[in-house]
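**Student:** Using the hints, position chains B, C and D against chain A.
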Amino acid sequence: MTRSAALTLRGVTKHFGAAVAVDGVSLDVAPGSMLGLLGPSGCGKTTVLRAIAGLVPVTAGTITVDGEDITARPPHGRDIGLVFQQYALFPHLSVAANVGFGLEMRGVAAAERRTRVAEALAMVQLSGLDGRRPRELSGGQQQRVALARALVIRPRILLLDEPLSNLDARLRDELRVEIRRIQQRLRITTVFVTHDQAEALAMCDVVGVMSQGRVAQIGPPAEIYERPVSRMVAEFVGRLNTWPCEVVAPGRIRLDGREMPAATDGVANGAALATIRPHRLLLGGAAPAGALNHVTGQVTHVAYVGDLVQYHVAAGALQLRVEAHAARHAETHRVGDVVECRWWPDDLRVFGA
Amino acid sequence: MTRSAALTLRGVTKHFGAAVAVDGVSLDVAPGSMLGLLGPSGCGKTTVLRAIAGLVPVTAGTITVDGEDITARPPHGRDIGLVFQQYALFPHLSVAANVGFGLEMRGVAAAERRTRVAEALAMVQLSGLDGRRPRELSGGQQQRVALARALVIRPRILLLDEPLSNLDARLRDELRVEIRRIQQRLRITTVFVTHDQAEALAMCDVVGVMSQGRVAQIGPPAEIYERPVSRMVAEFVGRLNTWPCEVVAPGRIRLDGREMPAATDGVANGAALATIRPHRLLLGGAAPAGALNHVTGQVTHVAYVGDLVQYHVAAGALQLRVEAHAARHAETHRVGDVVECRWWPDDLRVFGA
Amino acid sequence: MVGTSRYGAGAVVVALYLFLLAPIAIVLPLSFSGDSYLSFPPASWSLRWYVALLSHDGLTGAFKVSVALASVVTALALLCGTTAAYALARGTFRGRDALLALFTAPLLLPSVILGLALLLTFSSWGLLGTYPGVVLAHLVLCTPYVVRIMTTALATLPPGVEDAAATLGAAPGVVFRRVTLPLLLPAVTASAVLSFLISFDEVVVSLFVTGPRLVTLPVEIFNYVDTRTDPLIAAVSVVLVAGTLAGVVLIERAVGLRRAVGG
Amino acid sequence: MVGTSRYGAGAVVVALYLFLLAPIAIVLPLSFSGDSYLSFPPASWSLRWYVALLSHDGLTGAFKVSVALASVVTALALLCGTTAAYALARGTFRGRDALLALFTAPLLLPSVILGLALLLTFSSWGLLGTYPGVVLAHLVLCTPYVVRIMTTALATLPPGVEDAAATLGAAPGVVFRRVTLPLLLPAVTASAVLSFLISFDEVVVSLFVTGPRLVTLPVEIFNYVDTRTDPLIAAVSVVLVAGTLAGVVLIERAVGLRRAVGG
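Chains as they are written, first to last, in our numbering: chain A, 1 to 353; chain B, 1 to 353; chain C, 1 to 263; chain D, 1 to 263.
A hint or two may mislead.
What the hints assert, rightly or not - Part of the chain A face toward chain B, derived, beta carbon under 8 angstroms:
| id | residue |
| --- | --- |
| 1 | A202 |
| 2 | G219 |
| 3 | P221 |
| 4 | A222 |
| 5 | Y225 |
| 6 | V237 |
| 7 | W243 |
| 8 | H301 |
| 9 | Q310 |
Hint data in this document are derived by calculation from the structure and do not stem from the laboratory. Using N, Cα and C, we set each Cβ at its ideal position, and we do this for glycine too.
So that you can see chain A by itself, here it is in the shape it has in the complex:
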C-alpha cells in the first residue's frame, strides 16, 4: 500500500534565540522500520520531529527522504503524516471530513476519497463513525481518527508525537499493539517520539535516547537496555542500583571493600559508579549455582506489587534494590531476613564517576 522510504538526518541543529534545542542530530531510519526517540521532556525530541515535518525550520543540517533533500520544503509539500499528542482533529469537521482532508488537498476525486476514507477507518476499527464530530468520540477513538487521517494520504514517512500519552493505561496498551501492527503491515517508515521507556522499547525496531539536544545512544531496544553507554541512558530506560566503586583493573572493581569482576568496558582505573538493574540481583534460592558475585545482607523493606516483589536489602555500606518475579512457587522474604544476594559479573556495569 505504501512505499517504504528511507529517512536520513545529518547534523540537524535548531536554535531558539540563544537556546540550543537540537544540537547536530544525525539519524538513519531504514525503509519500513520504526525509530523510537526517547528522552526526558526538553531533550529536543519533539523539535526533531517537528523539523522532519517542516513545522520548525532548522538552523543547520539536512533532512533527506529517499536521498531527496527536503530541508527547505514547506510542511505542505513534504508528504509526511504526523499524529499529535493532543489528536489535533478539526473540531468543525466530521470524522469522514477529517480523514478525507488530506485527500481533498491532493485533489482526489470525491468517489475515490470516499473509498479510501472508508478503508482507512476500517483499518483503525472505526467503521461506521464517519458522521460523528470529534468531540463525540472518546480519546482513544480520536487518536485512531488522527492515525487514519495521517495514513490515508499514504505518506512517505509517519511521525508520531507522544500519541498515547493522553490515554489511560489500558487503552495505551491496546493502541500500542495496534499502531505497531498497522505500521508493520503497511511497512511505513516511522518515527515515534515518547518519554515512556517501556513504550519505546516495546514498539520500536531501533531506539534513540536523546539528552540535551543530542542523541546519547541509538540501537535496538535490547542493546539500549542491556548495554547502555552512559549512566544517563541506563537510568532513563529502567530502574537501577548505583553504587560508588573503584576500578582496580580492566574487568575488576572494588565495591564496599571487596574486589570482584564487573563489566568495566574501557573505564579507567579509579573512582567510578557500578550499576545493576534490580531484577538482575538474585535472592537466595532463586540464584543458580556458579561463579557469581554475591553479598549477604538483611531485608529492610518488602513491597508486593502483584507480579513483582520489591526488596530493599542492606549489605554493609550498600543499599540494594532487588526485584523478584512473584512466580507461583518462589519463596518470599520478610523484613529482617538475612539473605544472600547474587549476580552475574557482567550484569554489573561500570561507568566513569
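**Tutor:** Using the frame of chain A, we list chains B, C and D on its own:
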C-alpha cells in the same frame, strides 16, 4: 510518639442530590496499620476519605475512632491529619509556618512549636528549608512539607489522598518507600487513597477495592491479587487474560472445546469467564513438568520492555497475552514461533459471565 | 463552611441583587402604561407609548444615525482588531507583549480622559466635529475589545490543528480559510456584536469630539429627558434592552458570555 | 506562517496603533504649553496651566466631590460584591448559575439603558436628584466588577488550603481570617481600584439620575470644555492619566491586568 488508634466505619453513606457517591461502606482499620482504598475515579474512595476527615457530612452511618463516635464533629475537632494530592500548602506562609500552623491552632507555645516543627522537618528530610515559601520548593519537597504538617500535630489518624499522583515516576517510587517507613515507625493508623494498584499493593497492610460507592473486596494485598472475588477486582489490580468458557462441573471447565481443571469456586455450571494473569502463563522450557494445563499456539506479537517480554499467542480461538520475566538466560521467542503454553490449573480463575 | 450559613449568605445575595436590579424590572410595566405621565404601578395599560415612539421623528432619526455609525465602526474595528490580534498571536517579533498591553490600555482609560485626549488631538488635525473624527474616536473605544476577544480565540484554538492541516498538504492560505477562520467565526461574531453595542451606546467621547452636532440616539434621549419624563422613555428603554439582550444572546451562543466580558 | 508576512503584519499593527494612540501622546506636551491657546507643538513651555489648574476652584471642588463619591461607592461595592462572590463561590444553592449571570449582566448593559432605568425607578422612589440615589446608581455599575474579580479569585484559590486549615484545627472563622482573606487580598485591592476608577469616571448614569446638580469632575470638565478649549484641559488630562496609570499599576501588581480586565 503517636497513639495508635482504631478507625471504624459502619454503613457510611453519602448522597449528593440524587447521586449516591458512597453506599454503605463499613471498614475496620487496626491500630497502627495502613489501609489502601483503591478504585477507579468516581468510585467514592475520596469521598470516604473526606467523610473521615469531616469535610463531607455523611448522609448515614457512623465513624468511630477508638470507639468514640466522631460522625457529627466538625473537621477542626477531629484530630485527623490529611495530606492532599495537590499539597494544599498555604502559599503566603513559610515552610516553618505551614508546618507550625496546626500547633498554633492547638495553642502550643512558640518555643515548643519551634522544636516540634524542626523535628517534623527532619523526619521528612527537609531540615534547613524552614524559611522558604512553598512556591520555591519542588513538587516532592512540597509533598514532604504537607506530610510534616499533617504529622506534627500527632493526629490519631493519618489520611493520604493520592499524595503521589502529581509526582513523576522516580520521585513517586522514592516517596512511596519513605511514607511507608515513617508510617511504620510512628505506628500511625493510616488510610491511603489511590487509583494506582501497584501503589496500594506495595504500601498497604490491607487493601480495599472500591467500585460504585461500595467496597468490592478488602484484604491483604496478596489475597486481593491472587484471589480476587470478581472480574472487576481482578482486572483492576493487574493485567488479565479473559476468555469465555463453560463450567461443566465444580473445578472443571470447557475452554475452546477442551475440558480442563480450573478454580471455579462456587460458580454454577454454564457459561462463565475464565481469567488468568499474563505472567502465570508459562512458555516452552520455562514451564516445569507436571500436571499442568496446556495449549499450543503461535506467537503473533513480541514486545521487549526491558525486564519483561510480552507475547501475544494465538491458540485455536484463544488469544493469549503472556508475560515472561526477561531473565538473563531465558529463551526468547519470535513472531511465528509455535510454542507450548502451560499453566497451573488453580491460576485459571473462573467468574460468572 | 456549614450548610445553614451558606443558605444565609445566599439569601443576602438574592435580596441585595433584587434591590440593585429592580430598576430594570420596573421599566417593563412602565412602558405599557396607558397614563400620560410616569406613575408606578400605571393606572391603565396600553401600547400608546410604543406607537408614539415610532412616530417620534427625532428619536427614529437618531436611531438611524446611531445604527449607521455603529455599523461603520464595527466593520472597521473588526478589520483593524482581527489583523492586530492575528499579528500579535502568531508573531514572534520584539515588543510583542508591550504591544498587547498597549492594545488593552484603552479598556481601562476613563472615557473622560479619552474624550479630552481626542478633543485636543483632533483640534490640531482638523477632525473636530467631523464624521471621520467620530468614527475614529469610536474605533479607539471598540478595537481593544475586538483585539482582546480575537487574541483569546487565537490562543485557545485547539493546539496543532493548523500544523495538522499543513502536514496534510494545505498551503498557508488554505489553512487559514479551511481551518483557522471557521474556528474563529464565533469570536468574530462576538466581537462584532460587542463593538456594535459599544459604539451604539457611546455618549461621552462623542460629545467631546463633535459636541451635540451629531445627534445619535443616546444624545437625542438625553435631550428628550431634559425637557420631560414620560412613559415614552420607558418604551425606548425596553426596545434598547431587548436589542441588547438579543446581542448578548448572540455573544453567549458564540463564545460564552464570561469569556467575552472577561473573568 | 512565514517570517516575512509576520513582520509585515507586525508593522501594520504598530502603524495602526501609533495612529490610534497618538492622541494620548500629544496631550503630554500640550499640557506643558506656555501659550494661552491650544497649538501643537506649543510655541513655549511652562507649568502655568498646572498652576492654573490648582487654583481653579470649580475643578478642584469637583475633584473633591468625585473622590468622596468614589470612596463611598468603592467601600459599599466591596462589601456587597465580596459578600455576593463568597456566597456564589461557596454556596451550592439552587439558581447559583442564574444568579452569577444576573450579576454580570450590568457589565454588558449600555449605560444609557441603565441611566434610563434608574431614572424611571428613582422617580417613583423619590431618589432622583439625591446623593443616596447617585451612590446607588454607581453601585449598580461597580458591584458587578467586584463580584467578577472576587468570584474568579475565590475560584482560583489554591485547592484544598481551606480544608487543610480546617483539618489542622482551625475553626471556620479562623480559616477565613488566617487563610482565605490573606490569599484574597490582591483581588480585594484590584476590585477597590477598579471600582474607584469606574465611579470616578462615570458621567452618563449620573447625568440621568441627578442632572447637572451634582458637579463631579467629569461634569465640571464638560462644562469647562463647553465654554473654552485651552491647555488647562491638557493639564487635567495628564493628571487624570497619571492617577489612572497609578491605579492600573496597582491592579497589575495585585492580580495582573489581563485577569482584571478579562480575557
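**Student:** None of the hints should be skipped; say for each whether it holds.
**Tutor:** Against the structure, the hints come out as follows:
Taking 8 angstroms as the C-beta contact cut-off toward chain B, the hint placing A202 of chain A at the interface holds, the least distance being around 4 angstroms. A distance limit of 8 angstroms between C-beta atoms decides the matter here; for G219 of chain A the minimum to chain B is near 13 angstroms, and the interface restraint is violated. Nearest Cβ of chain B to the Cβ of P221 of chain A: about 5 angstroms, under the 8 angstroms cut. The hint holds. The beta carbon of A222 of chain A is positioned within 8 angstroms of a beta carbon in chain B (closest approach about 6 angstroms), and the interface hint is therefore held.
Annotation: Y225 of chain A was flagged as interfacial toward chain B, and the flag holds, the nearest CB pair being 5 angstroms apart, inside 8 angstroms. Evaluation of the V237 of chain A hint against chain B yields a held restraint, the C-beta minimum of about 6 angstroms falling below 8 angstroms. Nearest Cβ of chain B to the Cβ of W243 of chain A: about 17 angstroms, over the 8 angstroms cut. The hint is violated. Annotation: H301 of chain A was flagged as interfacial toward chain B, and the flag holds, the nearest CB pair being 6 angstroms apart, inside 8 angstroms.
Residue-level restraint check for Q310 of chain A holds (minimum Cβ-Cβ distance to chain B is 7 angstroms; threshold 8 angstroms).
Violated hints, listed in ascending order, are 2, 7; each of the other numbered hints is respected by the structure.
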